[in-house]
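Protein chains in written order, with this note's numbering: chain A, 539 to 977; chain B, 4 to 362; chain C, 377 to 714.
The hints are simulated quantities; they were obtained by calculation from the structure and are not laboratory data. Glycine included, C-beta positions come from ideal geometry on N, C-alpha and C. A portion of the hints provided could be inaccurate.
Covered stretches of chain C (chain B as the covering partner; in silico rule of three or more C-beta atoms under 8 Å from a C-beta of chain B) [unchecked claim]:
(1) 476-484
(2) 491-504
(3) 697-704
Only part of the chain B face toward chain A is listed, based on derived beta-carbon distances under 8 Å [what the hints assert, rightly or not]:
(4) G181
(5) A185
(6) I303
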Amino acid sequence: MMFKRNGLAAAATAVLLATSLAAVDARAQEAQYFPGLQYRSGPFAPSGIPFANGFRDYLAMLNERDGGVNGIRIHYEECDTAYNNDRGVECYERLKGAGPSEPAVWNPLSTGITYALIERATADKAPIISMGYGRADASDGRVFPYVFTLPATYWAGADAMIQYVKDQEGGDLSGKKIALVYFDGAYGKEPIPTLERLSKEEGFTFRGFPVASPGLEQKATWLQIGRQFRPDWTLMWGWGVMNSTAIKEAAAVGYPMEKFIGIWWSGSENDVMPAGDAATGYKSLGFHAPGTDFPAIQDIVAQVYDGDEARAKENNLGHVLYNRGVMNAVLSVEAMRTAQEEYGARVLTGEEMRWGIENLEITAERWKEMGLEGFANPIKLSCEDHEGGGSAFIQQWDGDSWEIASDWILPNRTELRPAYEASAAQYAKEKGITPRECN
Amino acid sequence: MLYREAGQFKTSYGADQAIFPIRQDRIALVLFAGIAVLAVPVLASNYFLETIFVPFLVFALAALGLNILTGYCGQLSLGTGGFMACGAFFSYKLAVGIPELHIVLVFLLAGLGTAAVGVLFGLPSLRIKGFYLAVATLAAQFFLVWVFNKFPWWTNYSPSGVISAPPRDVLPGLAVTGAGGAPAVKYLFLLVFVAVLALVAKNLVRSRIGRTWMATRDMDIAAEIIGIRPLWAKLSAFAVSSFYIGIAGALWAFVYTGSVEALAFQIDRSFQVLFMVIIGGLGSILGSFLGAAFIVLLPILLSNVPSLLGLQISVEIISHLEFMVFGALIVFFLVVEPHGLARLWQIAKEKLRLWPFPY
Amino acid sequence: MNPIALRFGFWVLAPPLLIAAIGFGLQGLAAANSALFFTWGFFLEVLLAGLLQGVLYALVALGFVLIFKASGIFNFAQGSMVLFAALTLVGFIGMGLHWTLAFIVTAGVMVLLAMVVEKVVLRPLVNQPHIILFMATIGIFYFLDGFGQMLWGSDVKMLDIGITKETTFILEGVFEGGILVNGFDLVAALVGAVLVAVLAVFFQYTRVGRALRAVADDHQAALSVGIPLKTIWVIVWSVAGIVALVAGIMWGSKAGVQFSLALIALKALPVLILGGFTSIPGAIVGGLIIGAGEQVAEVFLGPLVGGAIQEWFAYMLALIFLLFRPQGLFGERIIERI
């Protein structure tokens, strides 16, 4: 595991694998290694499982359908973090040297683990994609060269939500009241500065209601919201059991679901189904479409599940979080494709993958070409901008499925960008990092 | 045959009071220290150093602290996580606020601060006992984590409430915190630091103060009657224990993970350390180390076993199996030896003395 | 005056007086500080919601009390027993059983579990210190967590046995906007009350119940008059398992059956400590005090410091009570001799 990063080591690993395992794939040494920090156990397993399945299935589909990416197969290895930071670090260290090549890209799937890995991965020259979670200020690629926040950060999410609310209120928010129900931890606190800034700019009253982990206890919170504060709109940054409990308690105090919007981690089938009929009308943000009406998703059914749709459904096919896993896999693979255009169709190093993500551009045509037309909006990253200018939309639960309920909303990045830069600059100062030049 | 002290005469009080009175033990200790200092950093891979040895040493220190309170003084505490959080956040504020302060000094000062907090939350122990005392320490646990989570001053107004350790050197050029710290350096630093603190603890529990703790543990009323002040005994145990736990928390945040939020010190952490103490052996310094090794290593070992054996089991099943085996092993060890791994070790030594000719 | 009447009068009069005093105190605070808010209608609403919530805590705490009473073991695994029972129940319902039938089958599974625990864990560890037995139950906790999820999977499962989710408003004439009452919580409170009544009768008037109390008083004395300790333990763990099942149904239909249910054991700890480890009515009264106390504190004092105080407030409340009564409200007086 102390192997230096060179081809010899990779070859040696491959030889070792070949000798230890009799039935080794002849092309194993040609495989690009994708480590997966997933969670299929622990308190957040219900949300972690569909995501992990989507990620795994998309990669498996590419291997089956196209024989990998430009002839390079993908070797995918999972480790269960149980959404626990120390286990996440342990998994990172374990998986780091466990594949046939250098890890292509890390997807920690937890804000806490992202925080714990930023320094390690930067030291190891391994890129991290924290897709819709993690540090918002990592969008400043000068301070965080190895961390990517595409397609949108929590700050951008908060901005998009307020834009939607403003639109619904006829373009004026002054005098309105907006509440935020948030998980009392790193994740839930992310949107607060943005919302506070917007409340000053737009003239609405903002009040936050923290919910202690894991979020089974929200009676007092909702009595305050539903019976005392009575906000015009309520936003939510919740995860796992907190979401369904919030929806139930909101319904119990008679809060209208149409005025209740969750962030993208608070808008999956897991969150609304335990609440039953009460959840009908509940809204959430999303940055990719739900459902199975995409050729690429159908390819998964055909290739991975041999056309057995029922079995695919058992593996959460078309579930919001499943599609998010697919989205994450798409972004990772497209970055690999981009890097291959630069470095040739071969197994890439972490540093080369980093270049690939940084120069990633997915246009509407490209989404269509992948069989995912309308799945997500175009994004384009650069050396400075590690967020890529993605947009989001509002989806609504109609009792049976999630329906898209708004146009794409582009967060106001001219306002957000200075905030990213200020926060990143403070991080750089504390850590003694000299931001790199981007030209 | 080999492990026999026949012929080793003690001719001075010093020799009689040695921590390791038997020559073979001393030889083993030197060998062990040699391996730990010389062989481990060279031979172990970064994975082993970073994810096994470093957390093991940090947890061993925390377990040592809790063992002083629970094992030696008999006060059940479930507030370990809260006290670790104290150490972590105190040292963060110190290290960032006074950058000139040497990192070792930062850790020690953070430990002292935690000791003060520990004494405060130890006050109810004068009136409440046993499982009921657990509530006082649980109040500390939840309250302290809440404080560090709620007030952004502790995190220097970081928007998400996560602190990340500033890079600091222990000797010029040898970074132990931040990403610049080489795993081997971190490991050696921790090794020395923890070894010194363990030596202090060992001597504390052999001295007068340790004996007052043990008397209080065995029966506090009786101890009071023979002239031990329960106030002094209990509060000093809380102070010393919190000092160790606070340093462990600081090391956790600075040396092990590098960045930490208050939620990392939730009640699970308290339970984890308590398991170590009970599995390792209540009232044993060695037990703290054995318990920490057991609790840190076992889950990692269990989750690695299937891949080492070349079995293709889904990650999900592995996690669930890991839970089951972990639970079953705890019960198994308790049934085999309720007094912990330290007692097992002692029994093994007794047997070894007579081996190969037991009578 | 008759001392019993005096005591009765105290217990009837003290709670409303205390509540009124707290209400006036909070009203004064709110008048002095603009961040706070107080109206009597809202106060009563929160109080009621808290009391009903407290019954749900008490349901979990009851399981702890049963086992502690009979064997002196602090059963850390109670939370995972709740999860395991709920998972099993949902699993059987998923196989097509009606929920009443599934309930009976699950109860059978819990009895089986009790027998295994007695055989594998309790019997070999008899006469060990409490903390060792506590640790052993932690082992059970981990085992059950893994086992339950391995058998039934870790995704969220819906549990709907037709408990009403309607909310109603009462006293609309007295307070502006009325007082909101959650139908589900009322049903849960009712179930809790019935369960406590049944358990109380079981302990007080049946042969097995008397044997249980004898064991709780003194293991050796009980043994010497011919009470089979092993059987008693199996019975107690079975009853605790069934209580866990009821708690699991209540919490599971509230939040879906999933891993987090195992964590509600933590909500039961302050209840347990406040009420006393050995008292069944203590669990209920403790639950009511903790439930009402933490909700009122969160709503009316939380805004002062930024909220989310209910978690530690419950423990602080228990701590304050303990400083006056170190054995809990209804716990047996601790007598120490040398």
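Subject >> chain B over the region 491-504 of chain C, status - at least 3 residues with CB closer than 8 Å >> reply: Held - the region 491-504 of chain C has 5 residues with a Cβ nearer than 8 Å to chain B, which meets the minimum of three.
Original post:
Counting residues of the region 697-704 of chain C whose CB is closer than 8 Å to a CB in chain B, do you get three or more?
Top reply: The restraint on the region 697-704 of chain C holds, since 5 of its residues have a Cβ under 8 Å from chain B and three suffice.
Original post:
If you take the shortest Cβ to Cβ gap from A185/B to chain A, is it below 8 Å?
Top reply: violated (10 Å)
Subject >> Hinted contact G181/B with chain A - closest CB pair below 8 Å >> reply: The hint holds - G181/B has a Cβ within 8 Å of chain A, the shortest such distance being about 7 Å.
**OP:** Examine the region 476-484 of chain C: at least three residues should have C-beta closer than 8 Å to a C-beta of chain B.
**Re:** violated (count 0)
Subject >> Hint validity - I303/B Cβ closer than 8 Å to any chain A Cβ >> reply: holds (6 Å)
The structure fails to meet hints 1 and 5 from the earlier list, while all remaining hints are met.
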